[in-house]
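Q: Chains A and B supply the protein sequences, listed in that same order.
Residue 786 in our numbering is what sits at position 131 of the first sequence, and the numbering runs on without skipping anything.
Residue 259 in our numbering is what sits at position 258 of the second sequence, and the numbering runs on without skipping anything.
In case anyone wonders, no lab produced these hints; they're calculated from the structure.
Glycine included, each C-beta is placed from N, C-alpha and C at the ideal position.
You may find that some hints are simply not true.
Using C-beta positions, here's what the derived DEER-type ranges look like [as the list claims (entries may be wrong)]: (1) B/D203 <-> A/R983: 46 to 56 Å; (2) A/V1064 <-> B/E70: 44 to 54 Å; (3) A/A667 <-> B/G249: 36 to 46 Å.
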Amino acid sequence: MSFSAPDSMPDAAGHFGRFGGRFMPEALIAPLDELEQHWRKAMADDEFVTQFDALLREYAGLPSRLYEAERFSETVGARVLLKREDLNHTGAHKIRNVLGQALLTTRMGKQRVIAETGAGQHGVATATACAYFGLDCTVYMGEVDMVRQALNVARMRMLGAQVIPVTSGSRTLKDAINEALRDWVANVDDTHYLLGTAAGAHPFPAMVRDFTRGIGDEARTQTLELLGRLPDAALACVGGGSNAIGMFAGFLPDESVRLYGFEAAGDGYETGRHAATITAGQIGVLHGARSYLLQDEDGQTLESHSISAGLDYPGVGPEHAWLAETGRATYLPITDAQAMEAMALLAKTEGIIPAIESAHALAGLPGVVAELGGAPELVVCLSGRGDKDMDTAAKWFGLVDEADLVAEVKMK
Amino acid sequence: MTSVRSTIEAAQSVGRAALIGYLPAGYPSVDASIELVQCMVKAGVDVVEVGLPYSDPVMDGPTIQAAAEVALAGGIRTTDVFRVVGASAALAPTLVMTYWNPVERYGVGRFAAALADAGGAGLITPDLIPDEAGEWIGAADRHGLDRIFLVAPSSTRRRLEMTTAASTGFVYATSVMGVTGAREQISSAAPELVRRVKEVTDLPVGVGLGVSTRQQAAEVASFADAVIVGSALVRSIANEDAVSAAAGALAALVEDLALGVRGEVER
Ligand SMILES: Cc1ncc(COP(=O)(O)O)c(C=O)c1O
Chain A
656 MSFSAPDSMP
666 DAAGHFGRFG
676 GRFMPEALIA
686 PLDELEQHWR
696 KAMADDEFVT
706 QFDALLREYA
716 GLPSRLYEAE
726 RFSETVGARV
736 LLKREDLNHT
746 GAHKIRNVLG
756 QALLTTRMGK
766 QRVIAETGAG
776 QHGVATATAC
786 AYFGLDCTVY
796 MGEVDMVRQA
806 LNVARMRMLG
816 AQVIPVTSGS
826 RTLKDAINEA
836 LRDWVANVDD
846 THYLLGTAAG
856 AHPFPAMVRD
866 FTRGIGDEAR
876 TQTLELLGRL
886 PDAALACVGG
896 GSNAIGMFAG
906 FLPDESVRLY
916 GFEAAGDGYE
926 TGRHAATITA
936 GQIGVLHGAR
946 SYLLQDEDGQ
956 TLESHSISAG
966 LDYPGVGPEH
976 AWLAETGRAT
986 YLPITDAQAM
996 EAMALLAKTE
1006 GIIPAIESAH
1016 ALAGLPGVVA
1026 ELGGAPELVV
1036 CLSGRGDKDM
1046 DTAAKWFGLV
1056 DEADLVAEVK
1066 MK
Chain B
2 MTSVRSTIEA
12 AQSVGRAALI
22 GYLPAGYPSV
32 DASIELVQCM
42 VKAGVDVVEV
52 GLPYSDPVMD
62 GPTIQAAAEV
72 ALAGGIRTTD
82 VFRVVGASAA
92 LAPTLVMTYW
102 NPVERYGVGR
112 FAAALADAGG
122 AGLITPDLIP
132 DEAGEWIGAA
142 DRHGLDRIFL
152 VAPSSTRRRL
162 EMTTAASTGF
172 VYATSVMGVT
182 GAREQISSAA
192 PELVRRVKEV
202 TDLPVGVGLG
212 VSTRQQAAEV
222 ASFADAVIVG
232 SALVRSIANE
242 DAVSAAAGAL
252 AALVEDLALG
262 VRGEVER
């Protein structure tokens, strides 16, 4: 397993076509330049590449398997190959990005890491990497999210991280990012901001892509081994876009491979309660980059809605905006109900409970099969496992109605 | 109407720094903010910064964040900001301080036209660097508006040259690596930054972030051309329920700061 040098996109100023760039306070421009220099140097340095490879292999359990889901395949009329990121250490693709950035942090000689988290997945991954490297870790988390995801707060604290509740704005992920940026500008000398997705100001979108592109590079090699040819399409869910861009990066030059990203349509993108940024948002600037975002007529950011905390973000990484505009990738909305149905289907046919985020990509399969025709061969990024989502699933499917449980226990 | 630059230079010519005051439009209401902005000018502010409340103010500390939240909850629209600008511009040169997305969403050319129509003097853009500002620079030139970019202690010499070359009106020097908000001490980085800026431009230099008292205003006035005060003004009105009481508290603070920029410190 290895990963390639940075792609020619973005341009030197971080633009993907008209997207991306740096919409940041001047105070952070020099630190962003410094980060970019360190990152580019590291990527060209065999020692860094070898260290990163070893970390992924020995510590995170990579490369993840490409698993042919035969019974599940029958239900969708395609040959479905699952990229098993759910089996990685900490249970999601996110470990790739955090290990890459944490290793870079030590190279930069910084002692402190800050991060934002929505559901807590990125926070847990960051706290994990910081524990591994002995770095001081502070995670900003919206107050609303801390209540919703108390177990992940406990995990982060167990790993030695400090979790700071964010009480401003909508008290969710976007406000946690704001608060992390405020911390960063004040403490940038000794602090790295370990952003959790392929969004934000340059170089974050390109850097996060390059740390996660092992997903796609591995999947490409594994598909060739398994099928003797490339897949017809690669599918992934899109929150900020890190697992999707990691998957897509491996197949971008292969024009025969269609790329599909699935956004969270919540109650349905036409209801206004959704997180389908590319499908139903407009072009604008948020958190340092130009991309699509959910905003009102005056450019105020709107709150997003999704049953999946990891997709519940009103923005999306700029490279996805560019891939959508150029038509290289197709982005489609998946509702809460569709995702939950796909989650249950994979559990019952394969004995794999996916993260609700990943279930959005699974739910996109029937549409892709209909579009491509025949019985296509499809690679799907199973970005994470569903343990963290059992509370949500139990409520959605009524798995543990308390009154019923009490009655059952009494019967015995 | 006198320009921002000539106003600052006029203050300099009588041996003092200019006082630039920031208040957010729509706080606590649009009408009240009009009254407060006008009150601030009458009490001694030379140049006004009207803040355009935004949902994600990453450069602002808790005081201005909270004010923006109140303004947004009150339903403020971008067009209301132009109304506040109009009322203020009748009395003093008036700039809008805004994060970039509301301008982009309104339409850069359309925003510039509306701002100029309202009598506004230009924009201060805390999250727009000249590297990304091509469209705005063109629109500002077409409408005769000032474009005030920020410089920071971390700015390299090359960036100071580039940023000041793209600026008109004055150069906004953020005195600390951090967000807006009152601080107990003026950062030691501020005089050094002003010195570095002066090496590369003839534009006046205003220093902001953290000034809240007359003493601090006097200290900054000793090395900068303009003293910018924001959070302290917002805090002075935040404690008052009635607009008249808020105006009284605001006027008292501005009068004190105005003595400070004249080098008159308390003993
Ligand atoms: C399992 C899983 N998949 C996907 C995502 C969405 O993030 P991204 O779009 O950056 O891959 C998350 C975010 O928390 C996640 O936990």
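Q: Each hint: holds or not?
A: Results of checking the hints against the structure:
no.	hint	verdict
1	B/D203 <-> A/R983: 46 to 56 Å	holds (48 Å)
2	A/V1064 <-> B/E70: 44 to 54 Å	holds (48 Å)
3	A/A667 <-> B/G249: 36 to 46 Å	violated (54 Å)
Hint 3 from the list above is the single one not met by this structure.
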